[in-house]
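With the hints as a guide, bring both chains together as one complex.
As given, the protein sequences belong to chains C and P, one line each in that order. Each residue of the first sequence is one higher than the last, beginning at 1 in our numbering. Each residue of the second sequence is one higher than the last, beginning at 1 in our numbering.
These are calculated hints, taken from the structure and not from any lab test. The beta carbon of each residue, even a glycine, is placed where N, CA and C say it ideally should be. Hints should not be assumed to be uniformly reliable.
[Unchecked claim] Listing some non-contacts, in silico: residues in chain P with all C-beta distances to chain C over 12 Å:
| id | residue |
| --- | --- |
| 1 | A164 |
| 2 | G190 |
| 3 | A254 |
[Unchecked claim] What the simulated footprint calls covered on chain P by chain C, stretch by stretch (three residues with Cβ under 8 Å from a Cβ of chain C suffice, anywhere in the stretch; the number is not a length):
| id | segment |
| --- | --- |
| 4 | 147 to 160 |
| 5 | 243 to 253 |
[Stated by the list, open to error] Here are the simulated DSS-like pairs of lysine-lysine, each with C-alpha atoms no more than 25 Å apart in a straight line:
| id | chain 1 | residue 1 | chain 2 | residue 2 |
| --- | --- | --- | --- | --- |
| 6 | C | K152 | C | K124 |
| 7 | C | K316 | P | K157 |
| 8 | P | K157 | P | K241 |
| 9 | C | K417 | C | K391 |
| 10 | P | K159 | C | K316 |
| 11 | P | K241 | P | K159 |
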Amino acid sequence: MKLQMVGCSHHSASLAMRERLAFSPIQAGEALDRWRLRYPAAEAVLLSTCNRVEIYTAWDTGTNGPDHQQVAEFLAEYHGIDLGAIFDDLFEQSGEAAVRHLFTVAASLDSMVLGEPQILAQVKEAYQLAQQHESVGPLTHEMFQAALRVAKRVSAETSIHRRRVSVASVAVADFARDIFDRFDDKQVLVIGAGEMGEEALRYLRDEGARQLTTINRSPEKAEAMAEQFAGRAAPWDQLDELLVAADLVVSTTGATEPIVTLERFQRIEPRRYQRPLLILDLAVPRDFEPAIGDCLGVYLYSIDDLEAVCQRNRRKRDDELPAAIAIIEDETQRFMDDLHHRATGPIVERLRASWQNVRDQELDRLFNKLPDLSQPERDEIRRSFERYVNKMLHPPLEQLRDDSRHGHPHGLLEALKRLFHLRD
Amino acid sequence: MAGITTLCFAASYGVALVLELARLGWRSPVRNALAFGFAAAGLVAQSLYLGYRAATAESVPLASAYEWYLLAAWALVAVYLCLSAMQPSIASGVFILPVALALVAAARYASRQAVAEKSAADVWIAIHATCWLLGAVAVSVGFATGVMYLLQAYRLKHKLPPLAGFRLPSLEWLERANGRAIVISALMAGAGLASGVVLNLVKHKLPWSDATVWRSVGFFSWLLAAALFSALYRPARRGRKMAYLTVASFVFLAIFLTAQLSGNSEHEPSAEVGREMAQKSRPTVAACIGGAPHWPTSLRFAGQWHPALAPRLLPLTPRPSASWEAVL
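Chain P on its own, in the form it takes in the complex (with noise of 0.2 Å):
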């Protein structure tokens, strides 16, 4: 299982998306079973590599940014091999299997620091994170609904007969599954939001001016005005304009996703800065012999050296077992 890659389940999805595009050309049983068969085939492969990471971490299982973006990209893989087992004439792969890849490919640039050590906090963590990852898989399948939506009507508006092979769902099939969407994304984004806030309150690690927390309120308010929007303005119910609020909705998460990657945010590090951390929070052999290492106070890197590590630390890399301890 230690074997097992990225590059593994990423190309697995690969392989399934360029099958999926084949929907134009060749029609056949055959290459929607190899479609689902090296998604499900990925999906096993990326459960199998989550499952060995949680069960070797050091801290908290699965608490870093980079295995969040797995998750998310895991969470897309399986809505889109329950679309495909249920309607396999719908070309739904094709509009979500690129979002989970993105994820996977971002993943690569985010931080595979854990933000959190065990604690009492866990539970609040864990509802946090949670939170927005369905926040974040919801937003991503209305994305692929409201494209698939636009695209349909685009067809229905100018009389285009539909592509043999490439069938999309009814209007009004995708109508209720934008609304749904942009309801479930506001509901969980809020929910994860107001858990932030309960855990920074419980912590108080995170300054309230952090740009984290500015993103993630504007992120959510705008999931709520649209939420609102569609709820109080009954032509806001309608199709086209749901369509737009899920694919906006998206563009948003996009912008908040790539603004965490940077880094700018004591929420977590960045890719870089976590390299850059893990490096100087390397213990030399002299230091683990001799007692704790000394952690950059800069980074707010709060782990303590525990020595019961020390023996297996003591070959060429050896990995603390401290961790971030700014959650939010």
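Same shape as in the complex, but just chain C (with noise of 0.2 Å):
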């Protein structure tokens, strides 16, 4: 059985080649057809993220597969592209090195951002597209199963994927989410229109915020805004008005001057009633009064305060890391042991058999040349028989275990099958 991994990272290619190399759903779909007609012995799954191209193929050692240089004319073939371009950014895993790899891609240790969370649903969408295409195998079965369950484990065991780094997730996940029940009935404010503040915006609509007002001193750049989050646009004088009925604030203008100034809010305080009010102040510098943080029921978040936190997790992170490659390898070892130990069941079959017919045959012999025999001399002999074909057939299974268990039964696979002429 032969294992192999072919593609690019974030680690090994830039984005403009991840790019050129990178498949839509659609495109991997015919990608895989592709390949069951060029390779109908290999299985293969192809794994494509904005991170990662990677083709995982597997095939039985008796039939021929792809090699690296083979994977990586089909990929540059199939996008057009010149295969001397693409064949230093691409790299190759193979055995025991391509499991570990694909269980450290799914439990999100080889991403960008130390465990993200999208990576396991992508291998997932990646296998069950495979499934579809019938381009799967009983090999990459195996191993896309356990890579999911690695994931899983390294995610229950570790706080790896629980730490946010991400500022608008860290703003969202770890503070928003602690002030509020809900997010369906809350009224979100946005103040200006930076790359921060959508970021932000698209994590609340995740969690079902939907009463959302854009504010802007260019009312083009509001009503853009409104239109993308499916909100609304107020003209810039009804700040204070917003302000009052608003639970959440994501502010991020380019003004050089706090727009709300402590003043400004005490102003406005006493109507909203000591309700709370989360205000995320994305915008450098601060749109909000530090101050205004210390107001009762007002919890204020500059970017300092949450890129602070974002680093704390990011230390938490890497504390957390060995636990997880502890896992990784663990199951590594598992993972390879199984597939050893099935690779070595039908030889020990085949063995057992051919001596099994031997003893059948020299007992046929013996019992035609001895026809006074009673029955239970028969059986008695019978039995000595067979423990003589176990005793001899238990040094060599039990080396063959051995060897399995370390990884290397190939060598002694081939021996036994010269030996004994066993034949696929």
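Now the structure itself:
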């Protein structure tokens, strides 16, 4: 059995190269169909995300599978790129290393943002797509099922996935969700139209935020953002009124001075009746005067506050990395042991059958020559032959099991095949 | 079942509490399951214990102060199990289980004498005790959610990341829970007080000047004021004030229960007085043979000796079917 992975990732290839090699879901399906026509005996799963394009292949030892060069040619040919232009950006892993790599990828330990949760879903989708296009076989099936299980184990036994490391995700997951129970009935006010604000809004939308108002000194920008997030735009002079009604404010203007001073906020504060207000001030310089954070019911976070939490989370993630790697190693070893054990199964079976065949022939010959033997005597002789065969087979089979456990049974398998004339 | 003691379920709750506290260092679904399992086992043991006491009671079942404390602890653990089943990641046990354990410990100092005899007033006694029980449970749950609110608000104000494995509910959820705890506790305390007044009017046993009456009125007044304050003054409906109100209510409840345990009231005897009374009320063999024992009137112990009990009271611990008549 051969396992192989050929591809590129953010470690080996530039964004431009990854973009050229990327597959949309439709293209991936098409590519898998072509693969099956070209290499019918080789299983394949194609994983294509914004950070990596990887083809996992597997085939039985007796059949011919594509090597590194052939997979690279396949990729280049599909995208209409010269092989020479991509060859240096591709890397290859085979056997145990390929399994370890897939487990590491699925557990999000190889991601650009360590522990990001999307990769597991992407691995699952890649596997399902390969299933739909019938390019999955027993080896890749086992490998991907194990990868999903390993990712879940890493997630359950370490806190790598629970540590957010982007400002917007920290703002929403670590703070907003601990203030509000639900977001669909909350008034979200977006001041300005910065990129960070857009990212925060995407997270808030995912959490269920629906009542969105955008406000900007430039009404066109406010309207464009409102349209993008299915909200409504409001004129700049309504800022105070909107602050009274808001539950959550995301501010990302490019103003050089705070747009909401403590004095201004104190004027509207009594009308809020101390209702909780979460302010995500993602602007530099800040849009809200820091002293506003001391007001009752106000939770004010600047970009520095959120970045500090991100840094802390990154450190904590790094601390958890050894435990996650240990899980990957453990699972890789277990997978390879199972694989080798299964690889030796057919040979062991054939060897036993061959010896039992010889035993039966000899017994028949003996019983024909000694027809006066009673049934108990025949049974005793039969048992004796049985024990003899088992004792003779025990040392080579034990040695084969040992080699399987250590991951290199192929030499012994070959030797057994040749010594005992075992044919596939 | 007779072998179950308070130590059995208190130990189960204690282990569950330790497992809840271990959240910070041991993050595993196994820990959650173990904490839940120990608390559930304790609850089953406590249910059997209370069921056995109710089944073997010679007077009104579960009518002593001792059992009232145990029932309150039982209800709190049931609340913990519900919360834990709905949201296993929330560290609710850290805040609820200590209160439940404190109630089990307090039960040790409470009188085991039933406060009532079987009579037509049973229904009022049941309403009275149940309402105060639910009120106390609501105040205790409010205390737990109030403390959680203050901790969560502190974390958010100081921009600290959440502790892994030690999640608390959102401020919005806690604020809602605190508001409900205040309203429910005021309603239950009001109903408990009103049923107590009716009971006293029916049975006329407790002087209106008794300390328990004034303590009850004082405690109810506080809860009512807190509920009205939060209903009429809009900023008081907001988290932190609501949390302070629930924590203060719990402090009042603790003072109230401590004063009750001191036993300077005719509402119920303290454990010591109860024991003394039980000692004095223990009939002698001669008395059992000869007729009704003499009960000390100074303790207002109004039980009557029943000759039918004599044969089973003849062994070493004769226990009269008599009980405290002074209900309030």
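Consistency of the hints with the structure:
1. A164: Given a closest Cβ separation of 5 Å, the condition is violated.
2. G190: holds (27 Å)
3. A254: At roughly 28 Å from the nearest Cβ of chain C, A254(P) sits farther out than 12 Å, so the non-interface label holds.
4. 147 to 160: Three-residue rule met by the segment 147 to 160 of chain P, so holds; n is 5.
5. 243 to 253: violated (count 0)
6. K152(C) <-> K124(C): holds (12 Å)
7. K316(C) <-> K157(P): holds (22 Å)
8. K157(P) <-> K241(P): Answer holds: K157(P) to K241(P) is near 15 Å, not above 25 Å.
9. K417(C) <-> K391(C): Answer holds: K417(C) to K391(C) is near 19 Å, not above 25 Å.
10. K159(P) <-> K316(C): Cα-Cα ~17 Å, so holds.
11. K241(P) <-> K159(P): holds (21 Å)
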